[in-house]
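Chain L: place on chain R using the hints.
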Amino acid sequence: GENVEQHPSTLSVQEGDSAVIKCTYSDSASNYFPWYKQELGKRPQLIIDIRSNVGEKKDQRIAVTLNKTAKHFSLHITETQPEDSAVYFCAARRDDKIIFGKGTRLHILP
Amino acid sequence: GEEVAQTPKHLVRGEGQKAKLYCAPIKGHSYVFWYQQVLKNEFKFLISFQNENVFDETGMPKERFSAKCLPNSPCSLEIQATKLEDSAVYFCASSQSHSGANVLTFGAGSRLTVL
Chain R
90 GENVEQHPST LSVQEGDSAV IKCTYSDSAS NYFPWYKQEL GKRPQLIIDI RSNVGEKKDQ
150 RIAVTLNKTA KHFSLHITET QPEDSAVYFC AARRDDKIIF GKGTRLHILP
Chain L
40 GEEVAQTPKH LVRGEGQKAK LYCAPIKGHS YVFWYQQVLK NEFKFLISFQ NENVFDETGM
100 PKERFSAKCL PNSPCSLEIQ ATKLEDSAVY FCASSQSHSG ANVLTFGAGS RLTVL
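For the record, the sequence lines run as chains R and L. Here the first sequence is numbered in the working numbering, starting from 90 and rising by one per residue. Here the second sequence is numbered in the working numbering, starting from 40 and rising by one per residue.
So that you can see chain R by itself, here it is in the shape it has in the complex:
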């Protein structure tokens, strides 16, 4: 079955700097890779996603890159702001199942 590894588990960056979170997956049949942001006590919210036929996608300060050959994908947040502090989850989906990484707790330092 699919296995999704996410690193780092915790990340602290200075406000204004960039943050990068990386994930690897094991099932080459996975074809959809969403990223969710979960603030304390709240539900996960989709922030960006990428399909397997695309290598990169950008939405304002957030971008995701996908390397299908290496089976890894990354989330990039530029010009980080205090409201970016949260837990971020990557996921890989193949039709009937979506498997999440273990999450990265991002701290934005003032």
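These are calculated hints, taken from the structure and not from any lab test.
Using 25 Å as the maximum straight-line C-alpha spacing, the simulated SDA-like pairs for lysine to any residue come out as follows: (1) L:K83 - L:F94; (2) R:K131 - L:N80; (3) L:K122 - L:P47; (4) R:K160 - R:G90; (5) R:K186 - L:K101; (6) R:K147 - R:N120; (7) L:K83 - R:L129; (8) R:K147 - R:E128; (9) L:K66 - R:L135; (10) L:K101 - L:G55; (11) R:K131 - L:L123; (12) L:K48 - R:L129; (13) R:K131 - L:K59; (14) R:K157 - R:H96; (15) L:K122 - L:Q56; (16) R:K186 - L:F104; (17) R:K186 - L:Y61; (18) R:K186 - L:R103; (19) R:K146 - R:Q170; (20) R:K157 - L:F84; (21) L:K59 - L:E124; (22) R:K186 - L:V93; (23) R:K186 - L:S105; (24) R:K160 - L:D95; (25) L:K122 - L:E102; (26) R:K131 - L:Y61; (27) L:K48 - L:A63; (28) L:K83 - L:R150; (29) L:K107 - R:G90.
Same frame as chain R, but now just chain L:
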């Protein structure tokens, strides 16, 4: 509705008691997923449904956990004889279809506390 609706928001049970959680998916969404999130934040997949049919139940601890999605009723997740380690937030999510590109939308979660 336009949101995945989960009830109750918080449920407290004594060890050994039964717990039942409910989820109404977004109207028009055929797929429902249940996840368990414990303190470490990891999402553990439990079970998924396509309409009222179980789609994948590989994550379910079958001896005490059961789930249903019946027509014209909210989906439910039931835990018989709860244990302390069942304390977690249980998230329900729905999607329009199972094809890879369809977004999974989460409910607000139901926090189960087993004392």
